[in-house]
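Student: Produce the complete structure using the sequences and hints provided.
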Amino acid sequence: MTFADRVDPAYRDVVAALTGVVPARGGTGDVHERRAALALIGGSVAPPPGAYDVEHEDRVVPGPDDAPALRVRVYRPARATGDLPVILHVHGGGMWLGDLESEHDLCRRLSEAVGAVVVSVDYRLAPESPYPAAADDCYAALRWVTGSARELGVDAARLAVFGGSAGGGLAIATALRARDLGGPAIRLLMAVYPMVDDRHETPSSRELADLGGFVWDRAFNVEAWEWYLAGRPADAYAAPARATDLAGMPPTFVDVGELDLFRDEDVAFASALLAAGVPTELHVYPGAFHGSEAMVPDAELSRRIVGTRLAALRRALAPHDA
Numbered sequence: 001m002t003f004a005d006r007v008d009p010a011y012r013d014v015v016a017a018l019t020g021v022v023p024a025r026g027g028t029g030d031v032h033e034r035r036a037a038l039a040l041i042g043g044s045v046a047p048p049p050g051a052y053d054v055e056h057e058d059r060v061v062p063g064p065d066d067a068p069a070l071r072v073r074v075y076r077p078a079r080a081t082g083d084l085p086v087i088l089h090v091h092g093g094g095m096w097l098g099d100l101e102s103e104h105d106l107c108r109r110l111s112e113a114v115g116a117v118v119v120s121v122d123y124r125l126a127p128e129s130p131y132p133a134a135a136d137d138c139y140a141a142l143r144w145v146t147g148s149a150r151e152l153g154v155d156a157a158r159l160a161v162f163g164g165s166a167g168g169g170l171a172i173a174t175a176l177r178a179r180d181l182g183g184p185a186i187r188l189l190m191a192v193y194p195m196v197d198d199r200h201e202t203p204s205s206r207e208l209a210d211l212g213g214f215v216w217d218r219a220f221n222v223e224a225w226e227w228y229l230a231g232r233p234a235d236a237y238a239a240p241a242r243a244t245d246l247a248g249m250p251p252t253f254v255d256v257g258e259l260d261l262f263r264d265e266d267v268a269f270a271s272a273l274l275a276a277g278v279p280t281e282l283h284v285y286p287g288a289f290h291g292s293e294a295m296v297p298d299a300e301l302s303r304r305i306v307g308t309r310l311a312a313l314r315r316a317l318a319p320h321d322a
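Anchor point for the sequence shown: position 1 equals 1 in full-length UniProt numbering, and the numbering is continuous, going up by one each time.
Keep in mind that the hints were calculated from the coordinates and are not lab data.
It should be emphasised that the depicted structure is a prediction, and the values quoted were computed from it without experimental measurement.
We put the beta carbon where it would ideally sit given N, CA and C, even for glycine.
Take these hints with a grain of salt, some might be off.
To be verified - What follows is a set of in silico ranges between Cβ atoms, one per label pair, in the way DEER data are often shown:
| # | residue 1 | residue 2 | range |
| --- | --- | --- | --- |
| 1 | E151 | T19 | 45 to 53 Å |
| 2 | G231 | T2 | 32 to 40 Å |
| 3 | D58 | E226 | 45 to 53 Å |
| 4 | D5 | D180 | 38 to 46 Å |
| 5 | E57 | P9 | 19 to 27 Å |
| 6 | G182 | T2 | 47 to 55 Å |
Tutor: Below, the structure written as structure tokens:
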């Protein structure tokens, strides 16, 4: 049975449309051209922007020590009053793609649906800025969010960190660092099909090695890790699957598709969290692949995936006396 046969029926048209259209892989010299080409392809299948009553503004905030300042985008429900919960959002893109625009609509939806301030961080990308640049930037953004709670109009005690794909791996790394450095405290870590393991040894990494170029596959993943690590050994902040002690991590939500390259590393990571006594919610969705819910948002499966995430965020970020 082919990959196209195994996906949820609602996703088959987009699989057929995108197979073979992604530009060929190459060395770091063509990274700017590849980013532009992939952005065009992504835009061609992106759904129309949603109608959300959410305001946003771009800010420049302090970066890590001895590093450039960070750009962040702050989203707030337009009619909200009082101190709101806050979500640090970390975009995906394999550590080498993405910016404040790439998940702009997602951040607007999160802000309105959860009733939260969302702060999206424009972290530095590989290969120009390899590890630990992105991880350092995300933790600096987390520190800025909680340190600026009054200015932002947020309740820093109701804090979530959300990321998908590479952003999911960075979200986990941010939570690990917060645990190790004494804060800030995180109410919920939401890691959506996170990129956590640089070793490429899981069954799903082999089973889903070649997906026709339209979705994240083994070759993309190997290249992305090479660019991100740039020859450095991976530690737990780079590749969270290498963490040997997960005790004390915040309550965590992980989801992944059955047909996602990251399936088995994500299931293994969630299992390790559970073994360490961390409250962990894990969902594996039959028929879903990497990013499928974003490509076909109106599919019943996509609605269920996104609705489950939003419900988990609302529960976690509700006032304790609610």
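Student: Hint compliance check: list the failing hint numbers for this structure, sorted ascending.
Tutor: 3, 5
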